[in-house]
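Protein chains in written order, with this note's numbering: chain V, 1 to 307; chain Z, 308 to 641.
Simulated from the structure, these hints should not be mistaken for laboratory data. Because the structure is a prediction, the values reported are computed rather than measured. Here a beta-carbon is modelled for each residue, glycine too, at the ideal position from N, C-alpha and C. Certain hints may be false.
As the list claims (entries may be wrong) - Here are the simulated distance ranges between beta carbons:
1) GLU76/V - LEU428/Z: 21 to 29 Å
2) LEU51/V - ILE447/Z: 25 to 33 Å
3) ASN439/Z - LEU51/V: 28 to 36 Å
4) LEU626/Z - LEU205/V: 46 to 54 Å
5) TRP436/Z - ARG32/V: 31 to 39 Å
6) PRO224/V - LEU416/Z: 27 to 35 Å
7) HIS195/V - ASP365/Z: 35 to 43 Å
8) ILE45/V - ILE369/Z: 52 to 60 Å
9) ARG355/Z - GLN91/V: 50 to 58 Å
10) HIS195/V - PHE539/Z: 27 to 35 Å
As the list claims (entries may be wrong) - Negatives, chain V to chain Z, calculated, CB over 12 Å:
11) ARG141
12) SER148
13) SER166
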Amino acid sequence: MALGVTKKEKIDDLAGTAGVSLAASAWKRLRRSPVFLIGATIIGIFIVVSLLSPWLAPHDPSDKMLIEQVVKARNEIPPAQPGHPLGGDLQGRDFFSRLLVGSQQTLIVGVGATLIGLTGGLILGTLAGAIGGWVDSIVMRLVDVMLSLPSLLLAFSIAAMFARPSQFTVILAVAIVQIPVFARLLRGSMLAQRHSDHVLAATALGVKKGAIVFRHMLPNSLSPVIVQSTLVLATAIIEAAALSFLGLGNPDDRIPEWGQMLGDVQNVFDTHPHLAAWPAVCIIIVALGFTLMGETLREALDPKNRR
Amino acid sequence: MLRYTIRRLVQLVGVVLVLSLLLFAWMRLLPGGPVSALLGERATPESREALTKQLGLDQPIIVQYFKFLGRAASGDFGVSTGVQPGDSALDIFVQRFPATIELSFFAILLAILVGVPLGYLAAKRRGGWFDNLSVIGSLIGVAVPVFFLAYVLKDAASAALGLPSFGRQGDINATRVTGFFTLDGILTGEFDATLDALKHLILPAIALATIPFAVIFRITRAAVLDVLDEDFVRTAESKGLTASVIRRRHVMRNSMLPVVTTIGLQTGALLSGAVLTEKVFVIPGVGQALAIGFERRDYPVLLLLIIMATIVYVVVNLLVDLSYALIDPRIRTR
Chain V
1 MALGVTKKEK IDDLAGTAGV SLAASAWKRL RRSPVFLIGA TIIGIFIVVS
51 LLSPWLAPHD PSDKMLIEQV VKARNEIPPA QPGHPLGGDL QGRDFFSRLL
101 VGSQQTLIVG VGATLIGLTG GLILGTLAGA IGGWVDSIVM RLVDVMLSLP
151 SLLLAFSIAA MFARPSQFTV ILAVAIVQIP VFARLLRGSM LAQRHSDHVL
201 AATALGVKKG AIVFRHMLPN SLSPVIVQST LVLATAIIEA AALSFLGLGN
251 PDDRIPEWGQ MLGDVQNVFD THPHLAAWPA VCIIIVALGF TLMGETLREA
301 LDPKNRR
Chain Z
308 MLRYTIRRLV QLVGVVLVLS LLLFAWMRLL PGGPVSALLG ERATPESREA
358 LTKQLGLDQP IIVQYFKFLG RAASGDFGVS TGVQPGDSAL DIFVQRFPAT
408 IELSFFAILL AILVGVPLGY LAAKRRGGWF DNLSVIGSLI GVAVPVFFLA
458 YVLKDAASAA LGLPSFGRQG DINATRVTGF FTLDGILTGE FDATLDALKH
508 LILPAIALAT IPFAVIFRIT RAAVLDVLDE DFVRTAESKG LTASVIRRRH
558 VMRNSMLPVV TTIGLQTGAL LSGAVLTEKV FVIPGVGQAL AIGFERRDYP
608 VLLLLIIMAT IVYVVVNLLV DLSYALIDPR IRTR
């Protein structure tokens, strides 16, 4: 330790390799990838805006402050004017504020759906992969049934189950569709590791089965799960818009969400295209941001690409 | 091969049975349920009870389910309550099926015809501006909500290109043979009817093709990139084979497996996308019936159409798996 060399560095030196973890080497490559940086910047801005939106928005998004203009002009929407850079919506609410505040609910939909889908998939996939046998058979048959329906159609069907749709039922419908995808990913990765050296070594050392699953097998399955989660964040936001479009979304529009804003103006697409275009462009940019991050993460975390 | 096919078909029957049981239980357990749907919310308790008995809804769900299966075996899937009230669900499916098949067929054809060559070219020019541009384009293609793109095409592109902004009205004077408007015109020699049907199909097909196109493009690109690095391609090049022979026999043939798998899986995107596209372009197909069914909670129609969509999806993917043997002789011997 005399020259400030830590024990670990010494071991690495002896082993002849400076031990670089997959995460560290992936991060090294990501930092230099312009595509990842673009995606990360988009998502960074999106998250900051959505967190600060209640303070950034110039007006209350549910306040029908311009309703007089809507009534006076016979259902024309208020144009852009001082204090209202994008004008008003069909009910005389400040459109710019609604777009800003909408980012928050959109983030909640994306993150909520991903977390629920991930948790469900994690439980099912770990059960199937770690226990095997009849548990595996039952879980995988269930997954097969769910995957034999086109995914968006499954989301529509689940959303239609609820008599009173709300933001939560939208999140649930989008999330349940993702459960079989995550479950399959985790099960596959668990099965692949079952007879690998590090698991055998842990078993030989007398480590308990639960500890092997949670401390040795799960952490090694994380990279495909992280990639998939990033991609699901994008699809969840797009699918929530499709649900609103079919009348299966949250009917309460006091607190706006982009997908809902887009789906709700379907009847005035031809006369007021900008009411649809703004939320649509926001959705496209954010979905693109998550996709760029997910795809570059996939490449960076692929051990084949390690240098 | 035959045993494999039979096993997959038996699996399909199992999936359909489980799925129909789940859907059936869901329909029955809903608040209100069919009695409220038929009588309205303000019916007297006596009339509700009478109808419940009459429909057999007082029996256990599993008994009801087997009775439903019995009726379904003779083609009786119940009566529509919202899409076309009073019509039988099966009739609705049969009437509307050709329109959706026609639209989906043209959409996937478009996606393959554009996606595969573009994917090949992008892989050949890896890292060039053409590659980068088309990869970015395909990523944006997946990020655009299908129904928004459909509206943009309907309102903006139709005016600019002089194309009709609604799908499948067809020429009412045209003779109907198969229910496929484009095919009917060719069969009866009424070519202007075919042309008209095609014009109505172009914009909806483009909207529906976007996501399958983007995915097929990216998979083709990745598959071709993998194959281009292989030794046998270098050998073929050094043997002096012409570029087109290498492309056809060595590169494309070896990269087709993942592409064909993807095409099969994209039928799912087509079936879901048809719900949105047919709603926007007012196409009287299965997708539109589903869209209206979801909105008005028309459960008998939803039950049948969702099961049919599942069968189509699973069968297409079975056919895809069987086609592997045609593409790759190594699989045939196994």
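Hint check:
no.	hint	in the structure
1	GLU76/V - LEU428/Z: 21 to 29 Å	48 Å, violated
2	LEU51/V - ILE447/Z: 25 to 33 Å	26 Å, holds
3	ASN439/Z - LEU51/V: 28 to 36 Å	33 Å, holds
4	LEU626/Z - LEU205/V: 46 to 54 Å	50 Å, holds
5	TRP436/Z - ARG32/V: 31 to 39 Å	20 Å, violated
6	PRO224/V - LEU416/Z: 27 to 35 Å	33 Å, holds
7	HIS195/V - ASP365/Z: 35 to 43 Å	55 Å, violated
8	ILE45/V - ILE369/Z: 52 to 60 Å	54 Å, holds
9	ARG355/Z - GLN91/V: 50 to 58 Å	38 Å, violated
10	HIS195/V - PHE539/Z: 27 to 35 Å	33 Å, holds
11	ARG141	8 Å, violated
12	SER148	5 Å, violated
13	SER166	15 Å, holds
The earlier numbered hints that this structure contradicts are 1, 5, 7, 9, 11, 12.
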